[in-house]
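Participant: Please put together the full structure from these sequences, using the hints given.
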Amino acid sequence: MEIITAFAIGLTFSVGLFQILRRNVIRSAIGLMLLSNAISLYLLSTGAYIGEKAAYVNQVMGEPVDPFPQALILTAIVISLGLTAFVLAMLYIISKRYKTCDSDALKGLTK
Amino acid sequence: MTLFSNPHLVALPVFIPLLTGVIGLLSYHFSRFQAWLSLMGMALSLACSFILLFSIAGTEQPLVFQAGGWIAPFGITLIADLLSSVFVLMSQLVLVAGVIYAMGSKDACVSYPTFYPLFLFLATGLTGALLTGDIFNFFVFVELLAISSTVLTAISDDPYGVEAAYKYFYMSQLAAFFILLAVGALYVSFGTLNMAHLSVLVQQSASGMMPSLAIAFLFAAFMIKSATFPFHFWQPDFHTAAPTPVSAMLSSVVVKLGAYGFIRMTTLIFIDNAELIQTLLTVLGIAGICYGGISAIGTHNIKRMLAYSTLAQVGFILVGIGWGTALSMTAAIIFAFNHSIIKSAMLMLAGHVASRASIKSASFDIVTGVGRKLPLTGFLFFLGSMGLAGIPPTNGFINKMMIFKSGIQSGHFYGLILIGLASTFTLIYTMRAFMLIFWQEPKETIYTKPKGDLLFAPIALICLVLVLGLFADPFIELAGETVNWLNDSQIYIKAVMGDRL
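Residue numbers (our numbering), protein chains in the order written: chain A, 1 to 111; chain B, 1001 to 1501.
Be aware that a few hints might be false.
Here are the computed lysine-lysine pairs in the DSSO-like style, where the Cα-Cα straight-line distance is at most 30 angstroms [claimed, not checked]:
1. B/1443 to A/107
2. A/107 to A/96
3. B/1451 to B/1373
4. B/1360 to A/107
5. B/1360 to A/96
6. B/1360 to A/99
7. B/1449 to B/1106
8. B/1106 to A/107
9. B/1360 to B/1449
10. B/1449 to B/1373
11. A/96 to B/1106
Since the hints were made in silico from the structure, they are not lab data.
Facilitator: Okay, structure coming up:
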């Protein structure tokens, strides 16, 4: 199971990193979201393999898992939701104002 | 328990701006009320940070606030030791000046109903990140800071604001991801995220791959945050396109967050690996000083010039942290404080000049000669330039002299020669800007508008520059005491963990 999680995190990371470096701004926004999900998975995996039952649940036998990484990614996911909304709003303005999604065309600042 | 040692005092500079921002959002129909409310909130918060600093100075006892009453490694800790309090006081001073400038600004964006609430959330994020004692909580406050500053830039009057905000947004997200990666690495190896607890555990067993990775990730995150030399490329664009009151905050206090993080890394969390971090900081700092100075000379926009100048001045702070002696750390803290005040005043003056130009722009093509009709602005700009270049009687002289003195004392002569040469660039570019704006004859098409942004905030800040330059002794003593606290990490650890070790 650890191996599968490791490969999943690695794959999400590499796809996210590849997409974030693309010229198309929409693709790079997708890359940003993939990266944030990869990091949530990574944080989850820091505490996922200690114990086997849900924490703070009675009547189930066994050692409880560490609830702390889950609390961390809950916060991280909420923040990344806000980020996604904001980046989509910015993409909307950019595509309307510049009439393109090519990040090479967004160079008003270098003039 | 008196007012002055009440632990709740630590939380006030964080929660007063947050509360005021929320009330401001609810009263978005009443724009004047919103502005005055923000000013009152920030002034109250500034008063609280003053009280905070004076209640802990000279006591050897940091104030600790445990949120919800959960004891140290389990709950969220807010801790004010001298370093945090000095940085909080610096941020709040500049933020109050920023609100005053925004109230007198003619920009369209300051009249948007979300401007003041976002400004106050920026204050919350900055103050919270400086006061927190928990790395994950640090990440949350840094995200708040990054998002509010990005939105504030995106709503700028500058047509390229969105583009600059988009650029910065990606960079700040990468920095946030680096912090999260470090959080994961530290949690796996030590099972805690409390900085004081981490410091104890790292000193017991710091070997292995994960702690080194955590150092690398945190280092990268703070490099992006403070725009250190190879990661600086977003900074001039972002600071140029932001509205003036916001860019004065970004270029002065927000970049200091990275410097604060480096100080915490070398004196609290990774004391055993401090030497490696300090060597890197010295090299990158000197590279930044040279690169920033040369780039500032070649710019064609006064705001962009000041942004590159920030790159150089942050380099001095990093060199001070990198040399690592008590005197150089003192110099770095004084440098951070003084530079914030000078740089925010200079950016406000640049914004004032741009608002009086015939087209609202800070480009040298437009503002050349505009200042001939503005003698007061010229005088203030001259004093600020002297502060940046480090000429007495301004406070810039004190911190540059202390950096050089600490370099001579610890014998870093090659570094001294390089930064000595590079700091003459400061004089060149500030005087170039002064001559172009306030001395040269304007072109025929250029005229000076009768009205522009109000000058209250830069006048107050420049007065502070002179006062801190003429009566520098108490502040130098305070910074020296701060470094004494930093050199004994047990003070911080004992205050947070108590006897539970």
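Participant: Against each hint, give a clear statement of whether it holds in the structure.
Facilitator: We went through each hint and held it up to the structure:
1. B/1443 to A/107: Judged against 30 angstroms, a Cα distance of about 28 angstroms means the pair holds.
2. A/107 to A/96: holds, 15 angstroms
3. B/1451 to B/1373: Status holds; Cα separation ~12 angstroms.
4. B/1360 to A/107: holds, 20 angstroms
5. B/1360 to A/96: The given pair, whose Cα atoms are some 24 angstroms apart, holds under the 30 angstroms limit.
6. B/1360 to A/99: With Cα atoms ~25 angstroms apart, residue 1360 of chain B and residue 99 of chain A stay inside 30 angstroms; holds.
7. B/1449 to B/1106: holds, 12 angstroms
8. B/1106 to A/107: OK: residue 1106 of chain B and residue 107 of chain A at ~27 angstroms, within 30 angstroms.
9. B/1360 to B/1449: With a Cα-Cα distance of about 10 angstroms, the restraint between residue 1360 of chain B and residue 1449 of chain B holds, given a limit of 30 angstroms.
10. B/1449 to B/1373: It holds: about 10 angstroms lies between the C-alpha atoms, which stays within 30 angstroms.
11. A/96 to B/1106: Roughly 27 angstroms between the alpha carbons, so the hint for residue 96 of chain A and residue 1106 of chain B holds.
The structure is consistent with each of the numbered hints, conforming to all of them.
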